[in-house]
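S.K.: Given the structure of chain G, go ahead and fit chains A, W, R, V and S onto it with the hints provided.
These are the residues of each chain, in order.
Number of protein chains: 6
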Amino acid sequence: MADHPAPPPCKYLNLTYPLPFVAHVEINRPEKMNAFKQEMWQEFPPLFSHLSTSPSTRAIILSGAGPKAFTAGLDVQEASQDSPLSPNPSHSALDGARTATTLRRHIDAFQACITSIEKCEKPIVAAIHGWCLGLGIDISVCCDVRICAKDTRFSVKEVDIGLAADIGTLSRLPKVVRSGSWVKDVCLSARLFGAEEAEKVGFVSWVGSIGGKEEVVKEALRWAELVAGKSPVAVQGTKEILNWSWNRSVEDGLRYTGVWNSAMLQSEDTKEAMMSGISKKKPKFAKL
Amino acid sequence: MADHPAPPPCKYLNLTYPLPFVAHVEINRPEKMNAFKQEMWQEFPPLFSHLSTSPSTRAIILSGAGPKAFTAGLDVQEASQDSPLSPNPSHSALDGARTATTLRRHIDAFQACITSIEKCEKPIVAAIHGWCLGLGIDISVCCDVRICAKDTRFSVKEVDIGLAADIGTLSRLPKVVRSGSWVKDVCLSARLFGAEEAEKVGFVSWVGSIGGKEEVVKEALRWAELVAGKSPVAVQGTKEILNWSWNRSVEDGLRYTGVWNSAMLQSEDTKEAMMSGISKKKPKFAKL
Amino acid sequence: MADHPAPPPCKYLNLTYPLPFVAHVEINRPEKMNAFKQEMWQEFPPLFSHLSTSPSTRAIILSGAGPKAFTAGLDVQEASQDSPLSPNPSHSALDGARTATTLRRHIDAFQACITSIEKCEKPIVAAIHGWCLGLGIDISVCCDVRICAKDTRFSVKEVDIGLAADIGTLSRLPKVVRSGSWVKDVCLSARLFGAEEAEKVGFVSWVGSIGGKEEVVKEALRWAELVAGKSPVAVQGTKEILNWSWNRSVEDGLRYTGVWNSAMLQSEDTKEAMMSGISKKKPKFAKL
Amino acid sequence: MADHPAPPPCKYLNLTYPLPFVAHVEINRPEKMNAFKQEMWQEFPPLFSHLSTSPSTRAIILSGAGPKAFTAGLDVQEASQDSPLSPNPSHSALDGARTATTLRRHIDAFQACITSIEKCEKPIVAAIHGWCLGLGIDISVCCDVRICAKDTRFSVKEVDIGLAADIGTLSRLPKVVRSGSWVKDVCLSARLFGAEEAEKVGFVSWVGSIGGKEEVVKEALRWAELVAGKSPVAVQGTKEILNWSWNRSVEDGLRYTGVWNSAMLQSEDTKEAMMSGISKKKPKFAKL
Amino acid sequence: MADHPAPPPCKYLNLTYPLPFVAHVEINRPEKMNAFKQEMWQEFPPLFSHLSTSPSTRAIILSGAGPKAFTAGLDVQEASQDSPLSPNPSHSALDGARTATTLRRHIDAFQACITSIEKCEKPIVAAIHGWCLGLGIDISVCCDVRICAKDTRFSVKEVDIGLAADIGTLSRLPKVVRSGSWVKDVCLSARLFGAEEAEKVGFVSWVGSIGGKEEVVKEALRWAELVAGKSPVAVQGTKEILNWSWNRSVEDGLRYTGVWNSAMLQSEDTKEAMMSGISKKKPKFAKL
Amino acid sequence: MADHPAPPPCKYLNLTYPLPFVAHVEINRPEKMNAFKQEMWQEFPPLFSHLSTSPSTRAIILSGAGPKAFTAGLDVQEASQDSPLSPNPSHSALDGARTATTLRRHIDAFQACITSIEKCEKPIVAAIHGWCLGLGIDISVCCDVRICAKDTRFSVKEVDIGLAADIGTLSRLPKVVRSGSWVKDVCLSARLFGAEEAEKVGFVSWVGSIGGKEEVVKEALRWAELVAGKSPVAVQGTKEILNWSWNRSVEDGLRYTGVWNSAMLQSEDTKEAMMSGISKKKPKFAKL
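Chains as they are written, first to last, in our numbering: chain G, 29 to 316; chain A, 29 to 316; chain W, 29 to 316; chain R, 29 to 316; chain V, 29 to 316; chain S, 29 to 316.
Careful, some of the hints might be misleading.
No copy is singled out in the list; a pair is fine if it fits within one copy or between any two copies.
Said to hold, decoys possible - Derived pair list, reagent style SDA-like, types lysine to any residue, alpha-carbon separation capped at 25 Å:
hint : residue 1 : residue 2
1    : K147      : H52
2    : K96       : R250
3    : K312      : L220
4    : K96       : I306
5    : K60       : S108
6    : K39       : V278
7    : K308      : L79
8    : K312      : A93
9    : K299      : P83
10   : K309      : G240
11   : K308      : R219
12   : K312      : S183
13   : K310      : F221
14   : K39       : P95
15   : K60       : A140
16   : K312      : E224
17   : K178      : P311
18   : K65       : G305
19   : K315      : F221
20   : K228      : R250
21   : K315      : R219
22   : K312      : E106
23   : K246      : F221
24   : K308      : R181
25   : K299      : S183
FYI, nobody ran anything at the bench for these hints, they're computed from the structure.
Bound-form chain G, shown alone (with noise of 0.2 Å):
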C-alpha cells in the first residue's frame, strides 16, 4: 500500500494492513496483559485521527497483542505511581478547589484520548478476548461492532478500585445495550460477565465457536474485508448518520440525513454499484 500518507510512529499501537484497505490495529503490551500506561492512551489520537482521512483505509480491526487479553484494564501500579491519583508531594499543597481542577484538566484529557477512536470516520470493529476489564471496557464501547471469543471475560472494573468509571463507560454503555437492569448490576457489581451473557443481552454482536483469538480475529477479517469492499462514500455516510442519530431526535436525524446525502448522492459509486451488481463484477470505488 506504498501510497499510504505515512502513519505516526507508535510504540504500543501496531498498525499493519493484512488485507487491502483493511487497517489492523493491536494494542501491543502483552507482557503487562496490555495494560495501559499513559503514554499508551496518548498513542490514540494520531493514529485515529490518520486512519479517519487515509485513503487507503476503509475498515479497521482493533484487538489486544498476545494470547492473554484484550486488555487488563488501566496499569494501576503505574497509576498509582505517576499519575494525578498518586500521593504527590507538591499536591498536597493545594487546596480542595485547585486538586479538583488539575483532576479534571487530567480526566478531560484522558476522555478526549479515548474518545478519538469513537471519533474516527472508518467502521472500527473489535476483536476482542482473554480479559477486557476497565478501560477495556471504555475503549471496546467507542468501536461501533463488538465480537469476541468465547473464553472472553469482562468486567466494568472501576468500582472495585474505589471510583466511578470516568473514560466513558458509563455514558457509552446505556446507549449500546438497553437492557437497563443489567447496565446497573455490571456497573454497580463490577462483577465478571463472559461471552455468551454479552452476546445475550446485545453488548457484542458475535462469538466465536472455538475460544482463542484467532478465530475473533479471523472473524474481524472475514467483516472489514467485506466492508472495506463497499462504496467507502455509503459506508461512512452510514456510520455518520447512525452516531448523529442516535440520541437525537428522528427529526434531527432525518434532516441532517437530508443534507449530508445531498452532497454525498452526487458520487459515481451508485452507478458503480449498480452497474456492478447488472455485470457481476466486483465494484471499483474511488478513494475517499
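M.R.: Positioned in the frame of chain G, the structure of chains A, W, R, V and S alone reads:
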C-alpha cells in the same frame, strides 16, 4: 362499515376492514415483489392521515401483497430512469450546490411520505413475510409493532447500491433495537438476517412457527382485534405518550403525560372499562 | 444499627436492615396483594429521602409482603371512591378546564411520590414475585436493578381500565428495555408476560429457578451485600453518572463525569480499595 | 416574470412581484382589518410552499392590505360561529376526552398553517402597520425580519378573550426577544405596545419616521431588493443555518454548517461574487 | 378573603392581600436589609406552594420590607458561623469526596427553596428597590416580571466572596437578558449596575421616575390588579406555556400548547370574556 | 512573569503581559488589516490552550494590531489561491461527494481553530476597533465580553462573497444577541453596522466616547485588571457555569452548578475574600 369517511383513492395501497375497527393496508404490487416507485410512496400521506382520524379505525395492519415479499424495497430500475438519482441531461447544467438543493428537496419529500406512517394516531402492526429489503426496513420501523413469518429475510440494503439509507432507517433503527453492535453490523455490511435473529435482537416481537404469510397476518389480526377492543382513549393516549417520551427526558415525559391525561381522564371510558370488568361484559367505547 | 438517623414512621412500607448497610423495604398490605391507596404511595418520599442520605444505608431491596404479589397495582376500588377519578358531586360544578387543573395537580403529586424512589442516591434492587401489575411496573422501573421469581406475572395494565399509564411506565420503560416492538406490544395490549419473557427482553436481569419469593429475596440480599461492601463513593457516583448520562449526549455525560470525579477522586477509598486488594483483606470505607 | 411556476390560487393572500425576484404577499381583507377566518389561514401552506422553491423568488415581503391594519387577528365573530370554539350542539354529546381530541386536532392544523410561513426557504420581511393583534403576532414571529410603521400598535391579545395564545406566539416570542421580563409582561397583561417600544426590546429592527403604511412597505422593498441581489445559495444557506442553530447547541450548529456548506461551496456563486467585486459589476447568479 | 385556605405560618415572609386576588409577599428582615439566613429561604417552598394552588390568588407581588433594600443577599456573617461554608471541626475529619457530598446536598436543598418561586403557577412581579445583591438576583430571576425603583442598585455579587453564584443566577440570567456580553460582564466583574442600565438590557421592564419604594410597589399593584382581573385559565396557561417553551424547540412548544389548550379551551372563561367585551362589563371568572 | 510555562511560538498572534495576570493577545498583521490566512488561525489552538491552564493568566484581552482594524476577516486573495475554495486542478478529478468530503474536513478544522478561543477557561474581552468583518465576527463571538471603539464598523460579510458564514457566527450570534429580527437582518444583508447600533442590540457592552483604538484597549485593561484581582476559582467557575447553562435547561444548569461547586467551595479563596473585605486589604489568591 357504512359510517367511514371515504378513504382517499389508492392504486398501490389496498385498504380493507377485515374486522370491526381493524384496518388492513396491503402494499400491492406483487408482480414486482411490492418494490416501490414514487407514486406508491406518495399514497402513504393521504391514506394514513385518513386512518389517523377515522373514527372507525382503532388498529391497523400493514402487510405486503403476494406470497414473496413485504417489499423488495426501492424499485431501482424505475429510480434509475426517472428520479433525481437518474443521469439527467437537465441536471448536468447545474453546479454542485444547485444539484444538492434539488436532491435535498427530493429526499425531504420522500422522507415526509414515510414519516406519515409514524404520525398516524392509531397503533400499527407490521406483518412481515418474505423479502423485507431497504425501504421495507424504513417503513417497518415507522410501525409500532413488528411481527414476521419464519422465512422472512431482512436487509438494510442501501450501502450495496452505494448510498447511506436516507428515508429513516438510520435515524429510527437505533431507537427500537438497542444492541449498538448489531445495528452497526447490519447497517454497515448490508448482510441478510432472518426472523430468528430479528427476534433475538428485539427488532420483531413475534415470529411464526410454520412459515408463510398467512400465519403472520393471522397473528396480526389477533393482535389488532385485541387492541381494537380496548378504550380508544387509552390506546391512542398510550401510543402518543410512548412516542413523545421515547427520546426525551423522563421529566419531560412525565409532565407531558400529566397534561395529556388531565383532559383524557375526563372520558367515560374508565367507568365503562371498570363496569365491564365487574359485569364480565365486553365494554363498548364511543368513537374517537 | 444504632447510629441510624431515625427513619420516618411508615404504615405500609416496612423497613428493616437484614445485613449491615443493606436496607430492605417491603410494600406491606399483603391482605390486598399490596394494592396501593393514596396514603401508601405518599410514604415513599419521606422514606426514600431518608435512605438517600442515611450513612448506614449502602444498598436497598424493594419487595412485596406476602406470598402472592409484589403489588397488584392501584387499588381500583379505593380509587373509584375517593380520588379525582371518582364521581364527585363537587367536581360536577367545574368546567372542563378546571377539572383538568384538578386532575393535573393530582397526577403531578402522584408522579412525584413514585419519582422519589428514582431520586434516591443509593442503589435499589427490586425483588419481584407473583403479581406485578400497573403501578407495580411504574415502581419497578424506578429501581436500578430488577430481578424476579420464576412465577412472576407482569402487566402494564392501565389500558384495561380505560387510561394511559401516567405514573411513569410510558416514560421510563423505553429507556430500560431495548426492543421498541415489545414495549409497544405490552403497553398497547396490556397482556400478561412472565419471568422468562421479561428476562429475554432485558426488563429483568435475573430470574429464579425454582419459583417463590424466598429465592428472589435471597438473590437480592446477595447482590445488595456485594454492592454494600464496595466503596460508597464509587457506587453512588456510578449510579449518579449512569442516571445523568442515560438520555443525554455522550459529550454531556463525559463532561459531567469529569466534574463529578474531580471531587470524588479526593476520597480515601481508592487507596483503601487498592490496599485491600493487595493485602486480601476486606476494605472498610468511611460513611457517606 | 414569465418563467414562474404558476402559484396556487388564493383569495385572501394577494401575490405580486414588484421587483425582480421580490415577491409581495398581502393579507387581503381590508374591510375587516384583515381579520382571519379559517379559509384565510389555510391559504398560507400552498402559497409559501410554492414560494419556498420558486426559482424566481429570492426575498418575500408580507404586509396587510388597506390603511388600518397588518391584521386585527382572529375574526372572533366568525370563530364564535363556526369553529371548535363555538357552542356546537353536536359537540355537547362528546365527553371531555373526545372534545379535547377534536380541539387538539383543530389547533394542530391551525398551527401547521402558520408554521408553513416559517418553513419557507426564502427570507421574509414582515412590513407591519396599524393594528397588529393576536394572530398578527403569531404570524410576524414566523418571519425573519420585522419592521413597522411609526403608528403600529401591537398586542398579544389572547388572554383578553380567555385563552392562552396557541398558534405560536408563546413558543416563538421568547426566542426572538430576550427580555424575559418584557415578554412575560406583554403576554400576561395583553396590553398594547407601540413601535418605539417594539424596537427598544428588539421585536422589530426598524421603525418608520413619518408613520403610515407606504413608508414601511418602501423600506421592506429596499431590504428585499438588497437581499435578492445577493447569491441565493449564500442567502438561503444563511437563513437555514440560522434557523437550525437558533435553539441548538453551538456544537450541533457548527457541525450542521460544515455539512451544509460541503455541498454549497460547490456553487459558481463564490467565483461570480468575487469577480463582480473586482470588476465592480452587479453579479448575476443562477436560479435556485 | 375568608375562603382562603390558611397559608403556612412564616416569620420572615409577610403575606397580605392588598387587593382581591392579589397577594403581596414581603421579605421581612429590614433591620438587616433583608439579608437571608437559612430559616428565611426555607420559608419559600411552603408559602409559594400554597399560593400556587390557592384559588384566591391570581397575581403575586414580591418586595422587600423597609426603605433600604429588596435584599442585601446572603447574610454572610450568619453563613460563616453556621453553614457548610463555615469552618467546622466535624467537617475536618471528612475527606474531599465526603465534604463535597455534604456541600452538594446543601446546595441542592438551597436551590430547591429558591426554585419553588419559579414553580408557582401564578404570575409574580418582583418590585425591587434599594440594594438587590447576590441572592437578590437569584430570587428576582425566578419571578416573571421585574420592575424597579429609580435608585435600585444591583450586583451579581458572588465572585467578590470567592465563589461562583450557585443558587440560580448563572443558569437563569442568560435566559432573561438578551446581551451575552453584558451578562458575562456583570457576572465576572461583580460590579454594581443601576436601574437605567437594568432596563436598557432588558433585565427589568419598568423603572420608576421619582425613586423610592412606594412608587415601584404601586406600579406592581397596578400590574397585578390588571392581570388578576383576567381569566385565570388564560393567565396561568400563558405562564405555563411560556415557561415550557422558553428553552425548548418551537416544535415541542407548539405541541405542548396544543395538548394544554385541548383541555383549557373547555372552560367557560372564553364565553365570559367575549360577553363582557360586548356588554362592556367587567368579566367574572370562576376560581382556579 | 518568570514562572510562566513558556507559551508556544506564534508569528501572527502577539502575546504580552501588560499587567500581572493579564494577558494581551494581538492579531498582528497590520499591513493587511489583520486579514487571516490559514497559518494565522492555526495559531489559536496552541496559544489559547496554553493560556487556558497558565497559572499566571487570569484575564485575557484580544485586539488587533495597527490603527485600522480588529480584522478585515478572511484574506480572500490568499484563500482564492491556496485553499479548498481555490480552483484546483487536482480537485476537478473528484466527484461531488468526494469534493464535499474534502471541503467538510477543511471547514471542521477551521471551525476547531476558532472554537479553541471559546474553550479557554479564562475570561476574554475582545477590544474591537476599526474594521471588524466576516471572520472578525466569528472570532469576537467566541469571547466573553465585547467592547469597541466609537468608530468601529462591523459586518457579517460572508453572503457578499457567495457563501453562508461557516466558522461560527451563525451558530453563536443568536445566542449572544437575542433580537431575532436584527440578527437575521445583518446576517442576510451583510450590511455594515456601527458601534452605537452594536451596543443598542447588546452585541457589545461598552463603546468608547472619543474613537480610536487606545481608548478601547485602555478600557479592556481596566476590566481585565478588575477581574484578574478576584478569586480565580470564583471567576473561572462563573465562566464555566455560564457557558454550560447558556443553552441548557435551568434544571441541568442548576445540577451542574451544584456538582461544580461541591469541589470549588473547598478552596481557601472564600475565607481570603471575606477577610480582605473586613480588613480592607487587597486579597491574594493562590494560582489556578
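S.K.: With reference to the structure, classify each hint as holding or not holding.
M.R.: Hint by hint, here is what the structure shows:
1. K147 x H52: within (17 Å within a copy, 34 Å between copies)
2. K96 x R250: within (22 Å within a copy, 31 Å between copies)
3. K312 x L220: between (45 Å within a copy, 22 Å between copies)
4. K96 x I306: between (46 Å within a copy, 22 Å between copies)
5. K60 x S108: For K60 and S108, only the intra-copy Cα distance (16 Å) is at most 25 Å; the inter-copy one is 52 Å.
6. K39 x V278: Intra 42 Å, inter 29 Å, cutoff 25 Å: neither.
7. K308 x L79: neither (31 Å within a copy, 44 Å between copies)
8. K312 x A93: neither (33 Å within a copy, 37 Å between copies)
9. K299 x P83: Classified as within: same-chain Cα gap 20 Å, cross-chain 29 Å, threshold 25 Å.
10. K309 x G240: neither (35 Å within a copy, 34 Å between copies)
11. K308 x R219: between (50 Å within a copy, 17 Å between copies)
12. K312 x S183: between (42 Å within a copy, 22 Å between copies)
13. K310 x F221: between (41 Å within a copy, 22 Å between copies)
14. K39 x P95: For K39 and P95, only the intra-copy Cα distance (19 Å) is at most 25 Å; the inter-copy one is 51 Å.
15. K60 x A140: Answer is within; shortest intra-copy Cα gap is 24 Å, inter-copy 37 Å.
16. K312 x E224: neither (38 Å within a copy, 34 Å between copies)
17. K178 x P311: neither (35 Å within a copy, 33 Å between copies)
18. K65 x G305: between (48 Å within a copy, 20 Å between copies)
19. K315 x F221: Intra 41 Å, inter 29 Å, cutoff 25 Å: neither.
20. K228 x R250: Cα proximity of K228 and R250: in one copy and across copies (22 Å, 23 Å).
21. K315 x R219: Between. Shortest inter-copy distance 23 Å satisfies the 25 Å Cα cut-off; intra-copy 45 Å does not.
22. K312 x E106: between (48 Å within a copy, 24 Å between copies)
23. K246 x F221: both (23 Å within a copy, 21 Å between copies)
24. K308 x R181: between (43 Å within a copy, 22 Å between copies)
25. K299 x S183: Cα proximity of K299 and S183: across copies only (20 Å, versus 46 Å in one copy).
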